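There are 4 protein chains.
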Amino acid sequence: MNAQVQPLHAAADYKVADISLADWGRKEIEIAEHEMPGLMAIRAKYAPQQPLKGVRVTGSLHMTIQTAVLIETLKDLGADVRWASCNIFSTQDHAAAAIAASGTSVFAWKGETLEDYWDCTLAALTFTLPDGTLGGPQLVVDDGGDVTLLIHKGYELEQGDDSWVNSASGSHEEQVIKNLLKRVAKERPGYWTRVVKDWKGVSEETTTGVHRLYQLAEAGKLLVPAINVNDSVTKSKFDNLYGCRESLADGLKRAMDVMLAGKVAVVCGYGDVGKGSAHSLRAYGCRVIVTEIDPICALQAAMEGFEVKTVEDTLGTADIYVTTTGNKDIIRLEHMQAMKDQAIVCNIGHFDNEIQVDRLNASGAVKTNIKPQVDKYTFADGHSIFLLAEGRLVNLGCATGHPSFVMSNSFSNQTLAQIDLWANKDAYAAKVYILPKKLDEEVARLHLEKIGVKLTTLTPEQAAYLGVPVEGPFKPEHYRY
Amino acid sequence: MNAQVQPLHAAADYKVADISLADWGRKEIEIAEHEMPGLMAIRAKYAPQQPLKGVRVTGSLHMTIQTAVLIETLKDLGADVRWASCNIFSTQDHAAAAIAASGTSVFAWKGETLEDYWDCTLAALTFTLPDGTLGGPQLVVDDGGDVTLLIHKGYELEQGDDSWVNSASGSHEEQVIKNLLKRVAKERPGYWTRVVKDWKGVSEETTTGVHRLYQLAEAGKLLVPAINVNDSVTKSKFDNLYGCRESLADGLKRAMDVMLAGKVAVVCGYGDVGKGSAHSLRAYGCRVIVTEIDPICALQAAMEGFEVKTVEDTLGTADIYVTTTGNKDIIRLEHMQAMKDQAIVCNIGHFDNEIQVDRLNASGAVKTNIKPQVDKYTFADGHSIFLLAEGRLVNLGCATGHPSFVMSNSFSNQTLAQIDLWANKDAYAAKVYILPKKLDEEVARLHLEKIGVKLTTLTPEQAAYLGVPVEGPFKPEHYRY
Amino acid sequence: MNAQVQPLHAAADYKVADISLADWGRKEIEIAEHEMPGLMAIRAKYAPQQPLKGVRVTGSLHMTIQTAVLIETLKDLGADVRWASCNIFSTQDHAAAAIAASGTSVFAWKGETLEDYWDCTLAALTFTLPDGTLGGPQLVVDDGGDVTLLIHKGYELEQGDDSWVNSASGSHEEQVIKNLLKRVAKERPGYWTRVVKDWKGVSEETTTGVHRLYQLAEAGKLLVPAINVNDSVTKSKFDNLYGCRESLADGLKRAMDVMLAGKVAVVCGYGDVGKGSAHSLRAYGCRVIVTEIDPICALQAAMEGFEVKTVEDTLGTADIYVTTTGNKDIIRLEHMQAMKDQAIVCNIGHFDNEIQVDRLNASGAVKTNIKPQVDKYTFADGHSIFLLAEGRLVNLGCATGHPSFVMSNSFSNQTLAQIDLWANKDAYAAKVYILPKKLDEEVARLHLEKIGVKLTTLTPEQAAYLGVPVEGPFKPEHYRY
Amino acid sequence: MNAQVQPLHAAADYKVADISLADWGRKEIEIAEHEMPGLMAIRAKYAPQQPLKGVRVTGSLHMTIQTAVLIETLKDLGADVRWASCNIFSTQDHAAAAIAASGTSVFAWKGETLEDYWDCTLAALTFTLPDGTLGGPQLVVDDGGDVTLLIHKGYELEQGDDSWVNSASGSHEEQVIKNLLKRVAKERPGYWTRVVKDWKGVSEETTTGVHRLYQLAEAGKLLVPAINVNDSVTKSKFDNLYGCRESLADGLKRAMDVMLAGKVAVVCGYGDVGKGSAHSLRAYGCRVIVTEIDPICALQAAMEGFEVKTVEDTLGTADIYVTTTGNKDIIRLEHMQAMKDQAIVCNIGHFDNEIQVDRLNASGAVKTNIKPQVDKYTFADGHSIFLLAEGRLVNLGCATGHPSFVMSNSFSNQTLAQIDLWANKDAYAAKVYILPKKLDEEVARLHLEKIGVKLTTLTPEQAAYLGVPVEGPFKPEHYRY
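Chains A, B, C and D, in that order, give the protein sequences.
Just add 1 to wherever you are in the first sequence, counting from 1, and you've got this note's numbering.
Just add 1 to wherever you are in the second sequence, counting from 1, and you've got this note's numbering.
Just add 1 to wherever you are in the third sequence, counting from 1, and you've got this note's numbering.
Just add 1 to wherever you are in the fourth sequence, counting from 1, and you've got this note's numbering.
The set of hints was computed from the structure by calculation and includes no laboratory data.
Among these hints, one or two may not hold up.
When chains are identical, the list treats them as one kind, so a pair holds in a single copy or across two.
Unchecked claim - In silico DSS-like pairs for lysine-lysine, Cα to Cα no more than 25 Å straight-line: (1) K439 - K451; (2) K476 - K179; (3) K341 - K310; (4) K438 - K476.
Here the structure is a predicted model, which is why all the values come from computation and not from measurement.
The shape of chain A in the complex, shown without the other chains:
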């Protein structure tokens, strides 16, 4: 790792692993543009109008080739963009280099420490205002809610509530955040209050981050309007499902080169991510066992022919464990201690706390690094397990995340959400919104031609019979797809 610290707030400030990878990154960005028709169509339609002209946008989202196309789309619409990754392992260094080389401030490399990570987040949201003072973003693109968390917690502290910052931390990462906030409090007094003053909204990418937003809103603590991008149909039913269907196996293969056929795989959780994961593994010839807490999702799994059991019931027989729940403590130390020799453990949910990595590291098991993102832990009784990407997103840590085409759907929603937040900055309340169905359908429509889909058009008589406009939207809000 040769990430060089660049002076913060310099003219061309960035921090990436190796700027010389920019040329390779650019070639792959060009390939990706062909696979991201939604974003390219949005550029073509909106760039002339510059709907985000001069708007300061901070992004905290995996710094991949696909994200590079999103960043350049936001810039094409007029935005002033700064970016960090939202996961210590998810950056593709050639993507970050290409973005840095094109003059965008990006702070991200594969294999950050947690301290690095939160410093990068802070750097990405620190804009030098025209008057030379330090300010924050007007809009945020968030993935998992880390920027939102940092601003809210910083603001809370400046409002005089230091209870959280001084509380005992449940994890190492929590302490890193608290330390950062204390440092900022010292170095930039009143900073968060100024940031909040200018902040107009956030669009959030994932189930996990959205969940945090609804919790904030319910508690009456949400500071800005938020758009729940995750629950656009063209996001959650595509990226989460079809993205993971492709990228989980990709991560497993690049990490372990393991034969999937004939193995017993346990998929914890049967939401969209779990559905994509379970179906992918079965198609490879795994015998897949699902764990679930929700009787409806459990029944879905059973109707699809999956066995539904608890993690405990599978110990000693299963070869592969994948967590997809958005919950914590799914794979516990006691589970790993009782697993079959050479079991593979990984997570494709947003946070690494789905697996008890901290407890594992403290357990006395001997850790042997096989290659980056692949560690073998050997227990006292002689059996070993493999932990991938230190429990973080296996598809981004061990492979390159979701492929471009599906991300074009998600990021088209992100871009439309950013436009919408800015256009309605005076109209929206500090609540969580979802994009209207018409835009959701539009995102889908932008992707059809690329893959040769030919839609049928309603006749006026048919539209009248259904009671919908000929051009849509076609479904009631409660429709589930």
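The hints should help you fit chains B, C and D onto chain A, whose structure is shown.
For chains B, C and D alone, kept in the frame of chain A given last:
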């Protein structure tokens, strides 16, 4: 067909094809009870409380073995039940016989004429009140909304608006309904007004009927509270999807004994019914082409590897056509005139107007009946097509509909909806309601043990982390499953 | 059952359930002809040459609509045909009626007793010769080898070896055969010797019958040349695999209307029939467990994601059992006694002895007939199982067998085998032959156009590079497809 | 590439990319040993007997982690091993390093030139004999037949037939081989004759190499006994099918990170490799089109629901092309010139001549290297295609080949073949043999426990009924699995 007309309103009034089939029907009802754990659990839980004690319930829903278990569940909860089928071909005669034999007034046989059908509907909603006058139901279980339609149209007429009854009819069936209403107007003056006075609510089974209800509600014409059972997750994502995945092929096989592998099948519509249909046919080795109007559903189909084209693009190459849309005029006469020789055309959406059967019958094509529910039409140019179940639901017309287990989910929702409507008869407005998620999850839970599913239980810490109760409900309302 | 005994050897001798069904049967035969392009192409090519002119052919093969097309193809080629079914439940009565009505001697109805069955077999092989004496066939189309068995056993007896005929019988059916042979010995002295004198060959349809032939050949007892049709690629890899993939579920559905999704199904044997069965059930959402004796097939099952266990390991948890092995005593009485309540037991292998039906019937379990081919057995402890088609082929007993298109492949092989046997009657030894690969490829080729397949043609350079003729055959003999 | 040329025939002679990778390679070899139960069981059983004690073995087979386990198995059995890769891109450099570091002479690195490649092959077969002279192997493990080709062609030249060596070459590689032979003729007169004298046999891994062997045998030119390992069931129906099912997508993903769902993929050839490829791509949501020359395989593809067309019919609409045929000139320059913009072209058949790479390179299309093994070619009309691994095996060039578990099956066959060839060196003729079915079943059996398969055992009565031994072999030779 030896359906004998029984005197209406006699002590044991019913009209079925052959009462001697009752014994066979009873044996199959007993088998079905083992496959319908949700209904049996509801009986066990609620029968002691008699929540529908003495309530007059009219059902208009395919008179099958599974429906027999529903009927007997409603009776166990105290209801006074009268029943008709909601499709001229969907009755299983041994089921109807068993229900009649047990003393319930049922008016249904396989192969009714349209005149029979609407007479049966009227018979099912005609109760003799304690004072000897003719009244109507207090609650309605509807499937497709025919009872609801009849009451609303009758009431409209009695309110003095005869515009519809005297308008030109778009189909033969429409005229049959108008004729019936005129006859009732003569024979039973003021009848519909008395019916409406006692009517407290309707629970509706299908996408199509629900759609009608929302249209009525939007127009301010809905007369009673309605529960949209179709959009319970445990209904639409189970019955529509997994039910059709099993019963479409069943209908095709019993009708035509055709090899599905190697055939080109066109599935019109990629909603839940279309998804189940398309996946079933592909699993058999069909090459499936999907048609869609909605870009989101079209993109889903493409992501699953289906070709998406228009019906026109498939003419001359496709072997099988299945309509699943809830819309009308999907397969037009011109389509059928241009199809490949021996193409099979069928419908698994609610109404037969998805296929232009009337125009086909009037087209001059020579109709040859092969066996019940299978007709061959030969066009002037010599090519033929096969039309199944005269365009009505192929799974019910040519086979026996969805299997018991999945119907147990749907009918558990129906039963809970009936209980809910009655309990809240004074609280609910004339709007369309959906069952609360907690009940939805409960319906799923009642079906898990039967199939050996073992749920995981949240720890209190995990529940707190997610912000949900340990025992659920687990998901936000907008969650799509 | 109103099967009327017709006088044997009368001008139009036949014995069917109901001759009035002939018209319906004829309509379905015409539909089937469109689905059987191989047979129709063979008629077109060979009928002018009359390669079977005047040859006496006895067929013992399920008397279905598809077989009717085979019979009429053989007749078109000049043969003098007599036919019986090879299973007491597999006849489609309308097919038999249509064949009888067209003047072919057929002896078959659905639901024969075992005594009926063997009488029919005898009737089908009894030709009245021009001199008025009773003779036998010159060629045999066999399925399971019952005609071959009868002739060999009859001949053995006439050769003076009565050890088998007088031995203790392992099953009721075995005794029926012995009784028949004794009766023939009395009524037609020297008959079998005369039959054998004229007999020139047999083509055999199934794995089971072929196995018998190889055993006879190895023992030096085979009396005529035999063609193993089963092991044509276009038979065993199509009919056994793709046929069962369609007809197993068809049988289960028509018999039980059971929901397959969510059920645990045990498929005993993972040969071609087992593969088709297991994949079909999985596509329906069953969780499928496979049992196997052969480590290679077991490893294949595991690579496809199936759990491989023993029958014993599944007792109490599995809902459906399907035997596909060609072996005996797969499902034993002790198994059925320990199964889950309401488990369904059926067989899709050739003989019913895969399930211990005799022991079940003698076990004291109470047998309740639900409908034809569906029996419920209730054990002393109160739990019940359902046995389908009395343990005989469930797809033929409870549904209509394989669909036409795949049977066209099998029967094209049969027809080419009959032509080949007669053409080489003087050249072939009493061994088991397989059709040459060129003919096998030809059978496939005859079916491609119907389903729109467009083949690529080798360039001469490519053919030379591969060392094969441009027009094939393309693969070495050991190639497995 | 920093491959350092080591002095040939030095004490520890090898040539690898980077010997410092040995430690990483060793860790992965240890992981692979757990996934290769067949090889480990063979070590345990045979190492004590040293069946290959002192035997000089040359291997020409992809120098991967899995092959490392094979090499060390052969050494454990006593062999003196030298190794080269059989493909310029297929070496895993850390595997080669680990093998070199352990003292085995290996000549292989990822990214050899063709000149390097054939020099390595020569180095691998050049043993220094005890008397100090240069000799050759006693046994050969071949994959594609390059060692066999080189020896046969060298021997032919020394026998006085120089027609081939002096003929015009159809490809650059052919000329490289001829040049090498001429050089050897100068440097080592009489060398090939001495090699042939000691050579006792070859076991061949692939369809392509086996095809060459049968051609040699038919022409009467085969010099030694050969064992066709490819056609062991546990090789061709596992490695070719299940291996490619996993490794094709792996190669595509690592090369292109492309979304497979929604794409149109053309799989040329529907043999075992094509079957695995087509099913894998479909499971990802590709719409797969198959091309075939063989009507039987084409009909199989159609029965599985694949569209079967020619390459020409797909130009302009397909996104991905995969060749799997074993034939040449499948994807021609004219095809690539007419493909859709950004189409991806790759090969998973043995040789790169399935795609006309030479013609493409000479066509004037502009070649841009994106990253190793990924080249973009832009044609004059502006459209581009991506060629992976320069047309060589995409799974080995762009990923790491088949996973360990399936290779354990293949390599167990290889090892048993080597033992068998040596044991029968005096008995076998210069023909092509297949391993007996008993060994084939044994290979499968060795892999069952690892994946938790529990076999059923025949009772003696069942075995007698089937006419097979209780412990197998279970199937006739012609059985196709």
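Hint by hint, here is what the structure shows:
no.: 1; hint: K439 - K451; in the structure: within (20 Å within a copy, 42 Å between copies)
no.: 2; hint: K476 - K179; in the structure: neither (45 Å within a copy, 31 Å between copies)
no.: 3; hint: K341 - K310; in the structure: both (17 Å within a copy, 19 Å between copies)
no.: 4; hint: K438 - K476; in the structure: both (8 Å within a copy, 20 Å between copies)
Hint 2 alone, counting from the list given before, is not met by this structure.
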